[in-house]
Amino acid sequence: MPTLTYLQAIGRGLWEEMERDPAVVMLGEDIGVYGGAFKVTEGFLSHFGPERVLDTPISENAIVGAAIGMSYLGLRPVAEFQFIDFIACAFNQITNFVAKSHYRWGAPVPLVLRGPCGGGVHGGPFHSQNPEMYFVHTPGLKVVCPAGAADAKGLIKAAIRDPNPVLFFEHKFLYRRIKEEVPDGDVVVPLGQAAVKREGKHLTMVTYAAMLYTCLEAAEKLSQQDGLECEVIDLRTLLPLDKETILGSLKRTNKLLVVHEDTRTGGLAGEIAAVIMEEAFEELDAPVMRVTSLDTPVPYSPPLEEYFLPNAEKVMKAARDLARY
Amino acid sequence: MELTKQQHLELYYWMQLNRKLEDLLTNLFRQNKIVGGLYSSLGQEAISVATTYALEKRDWIAPMIRNLGAVLVKGYQPRDLIMQYTAKAGSPTGGKDGTAHFGDLKQKRVISPISMLGDLIPVMTGIGLGARYLGREEVALTWIGEGGSSTGVFHEGLNFAAVRKAPLVLVLENNLWAYSTPIYLQTAAKHFADRAKGYGIPGVIVDGNDVLEVYRVTQEAVARARRGDGPTLIEAKTFRRKGHAQHDPAKYVPQWMLKEWEAKDPILRYEKHLTEKKLWTEKGKQEILARIDTELKQELAAAEASPLPQPEVAAQGVYCDGCHEIRAEWKRSPDEVKPPRNIPSKWFKGRDPALAVAAIPPVAKPEKETVMVGANPRREKKQRKQTKQERQRK
Ligand SMILES: Cc1ncc(C[n+]2csc(CCOP(=O)(O)OP(=O)(O)O)c2C)c(N)n1
Chain A
1 MPTLTYLQAI GRGLWEEMER DPAVVMLGED IGVYGGAFKV TEGFLSHFGP
51 ERVLDTPISE NAIVGAAIGM SYLGLRPVAE FQFIDFIACA FNQITNFVAK
101 SHYRWGAPVP LVLRGPCGGG VHGGPFHSQN PEMYFVHTPG LKVVCPAGAA
151 DAKGLIKAAI RDPNPVLFFE HKFLYRRIKE EVPDGDVVVP LGQAAVKREG
201 KHLTMVTYAA MLYTCLEAAE KLSQQDGLEC EVIDLRTLLP LDKETILGSL
251 KRTNKLLVVH EDTRTGGLAG EIAAVIMEEA FEELDAPVMR VTSLDTPVPY
301 SPPLEEYFLP NAEKVMKAAR DLARY
Chain B
326 MELTKQQHLE LYYWMQLNRK LEDLLTNLFR QNKIVGGLYS SLGQEAISVA
376 TTYALEKRDW IAPMIRNLGA VLVKGYQPRD LIMQYTAKAG SPTGGKDGTA
426 HFGDLKQKRV ISPISMLGDL IPVMTGIGLG ARYLGREEVA LTWIGEGGSS
476 TGVFHEGLNF AAVRKAPLVL VLENNLWAYS TPIYLQTAAK HFADRAKGYG
526 IPGVIVDGND VLEVYRVTQE AVARARRGDG PTLIEAKTFR RKGHAQHDPA
576 KYVPQWMLKE WEAKDPILRY EKHLTEKKLW TEKGKQEILA RIDTELKQEL
626 AAAEASPLPQ PEVAAQGVYC DGCHEIRAEW KRSPDEVKPP RNIPSKWFKG
676 RDPALAVAAI PPVAKPEKET VMVGANPRRE KKQRKQTKQE RQRK
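Each protein sequence line maps, in turn, to chains A and B.
If you're matching positions, the first sequence starts at 1 in this note's numbering and goes up one per residue.
If you're matching positions, the second sequence starts at 326 in this note's numbering and goes up one per residue.
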């Protein structure tokens, strides 16, 4: 099994899908000659040719719009946002055109919209955001936030093959920091399935994307320092949400902490807490708790951003409070 | 292409069907049978009908809310529109959406609009580019109001279409009013068609109340798009003779303007033409009108027979769970786009040579200067000429 970075794994997944199916085409800003701002699509243009790798003008609405039109013809367009922050420019196309198409008139939109999200790299307010919840709140979309390299490869394949529109948020902090063995060949990780990344009996941490590693670090330290065994669940797909895996774990641990890098109010933690109240209230030995970023824009200066983001200490503190409850 | 006598009469039939169907819908509105608003295209029928009539069956349209005539020409029945407006189970969207918000990817090749103006332009650009990629010489046509042309997505879509020479025809219906807003608050340009220059594409102005002229310029634009020469912006000058929708008495429209445009009614004008050119007889005309009358009675009955949807349908269809087949229909061999690529690409015709160079594997510099695959020979020639001139100057 080759060892790949998270970034390489995504690139490999895209490459294999392009090889497999000539209906897969790509469009985005600077993805061709330059290979993408983060080089995810490096080498694609010369291998697959300019008919399949389209450098576009700086027009997020045109990128998504054209991808919609192509997908209506049965093509499988994959559109890149240079930074996921610019997805805001195409908000209307995504939430109104894409998401409602199948419901309104039975026209599936099998496209993938992908791009780098997330903070921790001092990108400031416009190059660090986690806008997933705007779209988790939009019926008709699927939202994927991979954390592992192997998962990222398998999930991008599933996203491309899905008959529905999939938003694929790649955490840029992980691009070159995460390296793992990635199975060769056509391994598809199904959408809508969470994965237990560490087993434990005292409490459950539910998380996704870069916060998986924060939680794993916290869980390891808690185990060593406090003998507290935390189960860590990586959601992988936010929409549709894998409630079964969350509820199954809660049944074993009876305590739940949700950790996300997205801001607090209206974040996924609130939704998960509500699901648990409705479906597993009896299982709870303590209130559902959450560790999230602050309800502010993502600040630029390193000390500000560090203060803003969750980290292992904050997670450990919350986990201890929860364990003690 | 000259229209036959029969085709002349077909154009008349579609325009009248468009108008009479809207009269019928207006009656239903007065009887409180329409769910929501009702929009009229009175005085603009020539544009919807003639632009769609200039297309082939394989071509694609995306109607706006006033393009009733277009979906009729494309093969929808009046009952479909009546059921859409009355929110019936039998409507093309099964009651999920109303008005002209429906479409059909498989047979009729109609893309459903959304309410947000302008969004169809990049979508239809994608249809055109996708069809070309699949080796299909199909044209995508859509409409936009002069008000809707002020959106950002109008610019993004048309610019991208122009850059990629997408087979797109964009018909801008300038009916002088966007809800209550007159054109001088919409643009500082003299004509909306002037914008085409900024995109490097042809901008054509046509009298939108002259059905034959609209047909002629659309045909030219369609031929151009099909040839691979890229999009055309057609500005059809016309007038909105009703309010924005039924609820709007349009008091902001001056009376003299209304009078002036009533006199330019596209159907009356075309009737006069047909009579002058002896393309029909009074009897022929009456036959068409009687046919429409009978048809609409049957269509209304069929639409009224449809029940309202079952409430629980509301919860269905958010996702495609395999209910629709997704398959690209290739009209060329997909091998042409699979690596290794050794077949010149049609898609890339006429684009930036620098990109084409980067896109093909590096090759040794030939003795004699040759044109790279996919490069624009004319541009290269011009560049060579320029460098030669520069050399001479030195
Ligand atoms: C992006 C957007 N903003 C606002 C509206 C609300 N709206 C619907 S129709 C309309 C006027 C449209 O005028 P125009 O494009 O000239 O078309 P016309 O109604 O004259 O056919 C407005 C403002 C909308 N549908 N979409």
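Hints in this document: simulated from the structure, not taken from any laboratory.
Because the structure is a prediction, the values reported are computed rather than measured.
Warning: the hint list may mix true and false statements.
[As the list claims (entries may be wrong)] Output of the computed footprint for chain B on chain A, the stretches with three or more beta carbons under 8 Å from beta carbons of chain B:
no., segment
1, 40-51
2, 79-88
3, 94-103
[Unchecked claim] Computed far set for chain A versus chain B, every beta-carbon distance over 10 Å:
no., residue
4, Thr56
5, Gly123
6, Lys142
7, Ala150
8, Leu304
9, Asp321
[To be verified] Not the full set, but computed from the structure, chain B residues with beta-carbon under 7 Å of chain A:
no., residue
10, Val448
11, Lys522
12, His649
13, Ile651
Using N, Cα and C, we set each Cβ at its ideal position, and we do this for glycine too.
10 Å cut-off, C-beta based - Ala150 (chain A) kept clear of every residue in chain B:
Nearest chain B Cβ is 25 Å from Ala150 (chain A), so the label holds.
Quiz prompt | Least C-beta distance between Gly123 (chain A) and chain B, which was stated to exceed 10 Å | solution = Check passes; 25 Å lies beyond 10 Å.
- Item | Claimed clearance of chain B by Lys142 (chain A), with the beta carbon kept past 10 Å | At roughly 8 Å from the nearest Cβ of chain B, Lys142 (chain A) sits no farther out than 10 Å, so the non-interface label is violated.
Interface hint outcome for Lys522 (chain B) [beta carbon to chain A under 7 Å]: 17 Å, violated
- Count the residues of the segment 79-88 of chain A whose CB lies closer than 8 Å to any CB of chain B, then report whether that count reaches three. violated (count 0)
Q) Does the claim that Leu304 (chain A) lies outside the interface with chain B hold up, using a Cβ gap greater than 10 Å? A) 32 Å, holds
- Message: Using the nearest Cβ pair, does His649 (chain B) come within less than 7 Å of chain A?
- Response: 5 Å, holds
Within the segment 94-103 of chain A, is the number of residues with a Cβ closer than 8 Å to a Cβ of chain B three or more? holds (count 6)
| Are all beta-carbon distances from Asp321 (chain A) to chain B longer than 10 Å? | 38 Å, holds
May I ask you to check that Thr56 (chain A) keeps its beta-carbon over 10 Å from the closest beta-carbon of chain B? Incorrect as stated: the minimum Cβ-Cβ distance to chain B is 6 Å, not above 10 Å.
Any CB of chain A closer than 7 Å to the CB of Ile651 (chain B)?
At 5 Å from the nearest chain A Cβ, Ile651 (chain B) passes the 7 Å test, so the hint holds.
Would the hint on Val448 (chain B) stand, with a C-beta cut-off of 7 Å toward chain A? This interface hint holds because 5 Å falls under the 7 Å limit.
In this structure, the hints that do not hold are numbers 2, 4, 6 and 11, in rising order.
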